[in-house]
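Make a model of the complete structure from these sequences and hints.
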Amino acid sequence: MASKRAKISDGQPWQNFELFPTPPWATRAFVRHVLPIVEPGALALLEAYDPCTGLGHMTAVLREAFGRVRATDIFDYGFELLDGVYDFRDAPEDIKPDWIVTNPPFGLATDLLEEALKRAQRGVAFLLRQAWAESDDRDAAIFSGDLRPTLVAPYAERVAMCEGGWDPAASTATAYAWFVWRVENGRIVRLIDRPRMWAQFMIPYGQKVALTREGDRRLAARFVAGWVPPSTLKKAGKQQRDMAEVWA
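Here this note's numbering runs 1 ahead of the position in the sequence shown, where the first position is 1.
It should be emphasised that the hints constitute simulated quantities derived from the structure, not laboratory data.
Just so you know, not all the hints are guaranteed correct.
Restraint-style ranges between C-beta atoms, simulated for each label pair [unchecked claim]: (1) Arg69 <-> Pro41: 13 to 23 Å; (2) Ala176 <-> Ser145: 20 to 30 Å; (3) Ser136 <-> Ile38: 19 to 29 Å; (4) Glu81 <-> Met198: 39 to 49 Å; (5) Ala157 <-> Glu135: 12 to 22 Å; (6) Asp194 <-> Ala132: 19 to 29 Å; (7) Leu148 <-> Ala170: 35 to 45 Å; (8) Glu81 <-> Pro196: 40 to 50 Å; (9) Ala170 <-> Asp194: 39 to 49 Å.
Heads up, simulated EDC-like pairs for lysine to aspartate or glutamate below, C-alpha to C-alpha not over 20 Å straight-line [to be verified]: (10) Lys119 <-> Glu94; (11) Lys97 <-> Glu116; (12) Lys119 <-> Asp147.
We put the beta carbon where it would ideally sit given N, CA and C, even for glycine.
Written out as structure tokens, the structure is:
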């Protein structure tokens, strides 16, 4: 029977708010392959807003493309370029960016989507586990009705995310996808205008290698107190097992 993995800090804010930093290459893949399908405008002229910025991993990459990127979070994890600390649902009413792009807490994504669609002038993009599309409640509230996404873009390769920090050497069996809503004059744009249907684009394999940059290593240094990269723990465990076999 599978056992629940031990957490490094039960009850800490990064657990309560599901802080899983996004690998930089995964955000670049979104900008390069997904956004052009739904956003014909020049990104350098547009404003993006990441309301769940966490440690700034996604925000840092969005700033490579958009003219302006606003970054807030419900908790201050120490990201030096934070524009505010508050629940997105309580954000000032005048915050109405062109695009809201974020990796939100899985459990709050539906509530945050409703707020995002009220504010975004051109679109909303959420990076979530593909399993987000598999709930009865969300099927009724989103995928069967008027809030169904314009586009869903899964990755052809795994995006390894870890609670509390980004580990470039981590691996995962979890599948992620971008759920995108293109907005025009307050309404969701349909690329496929049929009930229970939306466009799908598979982000091609090989983006981790193609879109990882040397400077990304600086983002691996952003993590919560006490965090140890899972790949380090895995390596240490293997060394211990190897020593046990030698002395057996």
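Structure-based check of all given hints:
1. Arg69 <-> Pro41: 13 to 23 Å: holds (19 Å)
2. Ala176 <-> Ser145: 20 to 30 Å: holds (22 Å)
3. Ser136 <-> Ile38: 19 to 29 Å: Roughly 25 Å apart at Cβ, these two residues keep to the hinted range, so it holds.
4. Glu81 <-> Met198: 39 to 49 Å: holds (43 Å)
5. Ala157 <-> Glu135: 12 to 22 Å: holds (19 Å)
6. Asp194 <-> Ala132: 19 to 29 Å: holds (26 Å)
7. Leu148 <-> Ala170: 35 to 45 Å: Between Leu148 and Ala170, where Cβ atoms are some 38 Å apart, the hint holds.
8. Glu81 <-> Pro196: 40 to 50 Å: Taking Cβ atoms as reference, Glu81 and Pro196 lie about 46 Å apart, which means the hint holds.
9. Ala170 <-> Asp194: 39 to 49 Å: At 44 Å between Cβs, range holds.
10. Lys119 <-> Glu94: holds (10 Å)
11. Lys97 <-> Glu116: holds (11 Å)
12. Lys119 <-> Asp147: Judged against 20 Å, a Cα distance of about 14 Å means the pair holds.
Hint compliance for this structure: every hint is met.
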